[in-house]
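Asker: Here is how the chains run, residue by residue.
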Amino acid sequence: MKLQHLAVIFVIIIMPISIVMSAYIGNQINAINLQNSYDANLINATYDAVKAFQLNTTNNKYASISNSKIRDIEASVNVFYNSLNTSMSGYSLAAKDLEDYVPAMLFTLYDGYYIYTSYDNVYSTTEADKKVDEKVEINLDGKNYQNGLKPYVYYSAKYKLRNGNIIIVNYTLDNEITVYGDFGDGYTTRSGYLINPDYVKNINDNNKTLKYGEDGNEVTIEPEKLTEHLVTIEKRESGGTGTDSGDYNYIFYQNKKIYQETNQDIINEIGSEYFWYDNYIKTPVNDPNIIADLNENKQKYGNGNTIMSTSAFEYYAKAYDFSIWVRDKLGDIEQGDMIKNEDGISTIGTATDYLAENTGTKKIFNVGKDNDPMLSSSTFNNHRLAVIRKTIETSLNTVISNYRSTELYDYAMPVMTDDDWYRITNNVSMVTFMQGMSIGYRYYNNYAIITNNVNKEVIKPENVYIITQEKGSTNREYHQPGCKELLEGLKNDTLEIVGAYPTASFQRQSVKLTENSDDDVHFYLQSRGKQTGGGNTQDLITITGCYNCIVSSTTNYDTDEIIAGRSLINFQDSVENGGTGKIAFSNNSDEYLEVRKAYLQALARERYDLYKSNFDLEEI
Amino acid sequence: MGDSLITVVAIFLAAILMFVFPLMTMADRTDDISNLAVQTATSEFVDEVRTTGKITLDDYDAYLSELTATGNTFDVDVLIQQLDENPGVKTTQAEATKIGENLYYNIYTTQVEELLYDKGRITLKEGDLVTVTAKNTNQTISQMLRNFFYTISGNSEYNIAGQATGVVAVNGSTSQK
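Protein chains in written order, with the working numbering: chain P, 26 to 645; chain X, 501 to 677.
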């Protein structure tokens, strides 16, 4: 055979291999690119949806009420589809088509979660065509199901007590729990915050003061003055122009902020010293009972001048009672006493792999120094996360596997990492699943988790900022509790703490006056002084985020350390990192105690003032 | 004489055809696959940063080792743009009441690495921007073969690259966990 023939045969063999290979790899590359862009779109759409939920809830005074919450969630679902549809328009998918590929959306809230998915279990409600156990044909757009929110599910677990009684514990995203059941003295329902009761000392109900913390490192919790800067528009109501502004002291009274007016002329004008801030207008409080309560508060704690918040005291005092009770009644419970979700009868016993976090034979509700529920490393907290994860996992798995929008694809819940679960179970968050769309040789299957930073649902340890003022000036800044600048400023006596508020208080507020957005007036609740008109803010003392911890958070200490009252160590000096363990700020230094006090007081106050749907029946 | 010359030329051509051509296509495919791996690793890394609000030393190291697992060396550029939420501060152009008139502070690769080795993590907040670009710095076989036939010069002397960017969607947790 001639050399040329060999070459031709070689080309005939090699060419197809090469062509097929490059076509195959080309397809793979396209698939990966498509998958990456779907991933990005999914994250963006979820982010938009969370943002919509934030905007709707933070600007809504009734956002905590369940009807309003459902409406806000449905609105955010719409935003999700709109956003996804806009970014997917390049792939020619219509919004209706997209719905088929989203088997579930999970909204985790404070004490439970909603799942948005399809449901077909619709039964007739009218007597006439009522058939036993027979589903009604919905037939919506040719489909026999519709998408909507499934009923709210609580993060709950059943336990078998040593005496054989079965009790239920409802968990939340923080250390609040609600327990139901017969604990030996009849059926009881109790709800409250679980803390380490050994840390609460010297409770003085008369002055509303107490001490909290380890011996020698206690902080004093006492009544505190809270102030917000408000812009009001009464003038416009009576035909005038412009807006008024001022700083008002407030307290939470029956889940709503009541502000105190100090200008006697305005008190005479509106007819009351106290007002609610509704629709940017001062609504006077005229109920004599409320006024009497507030006057008493003023006399007792505020030298007769200002109303003072005692929420932080109430939080610790009530949590103390509740925690003692829980330790007494539920102190024996360990992981093995939990009843399996699947059958609701048998306990998990020695099945250590039933829950994602194995706490072994540690007593979950035996709170104390070694099991402080305020800390993320406590047994209670590990078990709480495992329970929340289990309930969500079970429902999501069922919902996604049962999803049948197309016969071509079997929907299945993707495996989520421990880190993902940690984020879901620790925050108000939204998780969206998208799967089943064909990308090259396979099907797309991924999810996006976006946690919600600004909400009125839960106060996480990182959701409290501390405000400082530079000594000898009016410059005010807000910091995270573990900020190095804050601690150093206090140590060098250049800064002083003037208050601590939740992150939502640092969001910009807007007053819409006319259709023209140029007329909008913006203000920050933590500014001080007078502000006039739209842009003229000359006399206003604004507040800025610290450049060390808020703008670029690089040199911060762990907030858990501050809650626990441990000394702060720089990362490079830490023992885990091969350092000597040199202490940067000791836990009994003045600056540390000052920050810890402001922080713990604010954390307690904000948690206590949150809207609650579970009340402790013992107190009512 | 003439015949043997043609034979030599034919052998030479056949060698190119039978050896260099398949080698080139295979090398090209290898690069494509590396490119795929790099692009995927980069997008995943950026998505992780976007949804967790933090860059940890562990994540960064894992990303780098995923890149080097392709058998090439890489030049990785990380750019973090931190949003200054304080409107109208430290600049005269921005107006306090307007939306969108914010500044960004840039942190570049060397600073990012220094921070990561010092603190173990960088916490980001909602609104910050992250851009990661990875380009190969070594010569891949495919590049060598191509340079043999035709020379590529200039700034774009890379064959494998991955790039991803995005807005951070959450505030990073202040807890080390």
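The hints are simulated quantities; they were obtained by calculation from the structure and are not laboratory data. Any given hint could turn out to be false.
As the list claims (entries may be wrong) - Simulated DEER-style distance windows between Cβ atoms:
1. P/Asn613 / X/Gly627: 56 to 62 Å
2. P/Arg467 / X/Tyr617: 35 to 41 Å
3. X/Val520 / P/Gly604: 54 to 60 Å
4. P/Ser611 / X/Asn638: 27 to 33 Å
5. X/Asp577 / P/Glu521: 38 to 44 Å
6. P/Ala32 / X/Asp558: 28 to 34 Å
7. X/Thr573 / P/Arg467: 30 to 36 Å
8. X/Asp577 / P/Glu262: 55 to 61 Å
9. X/Asp558 / P/Leu80: 16 to 22 Å
10. P/Gly603 / X/Met518: 28 to 34 Å
11. X/Leu579 / P/Ile608: 49 to 55 Å
12. X/Asn638 / P/Gly603: 31 to 37 Å
Note that this is a predicted model, so its numbers are computed, not measured. Note that CB positions come from ideal geometry on N, CA and C, so glycine has one too.
Asker: Against the earlier hints, flag every one the structure doesn't satisfy and list their numbers going up.
Answerer: Hints 1, 4, 6, 9, 10 and 11 contradicted; others consistent.
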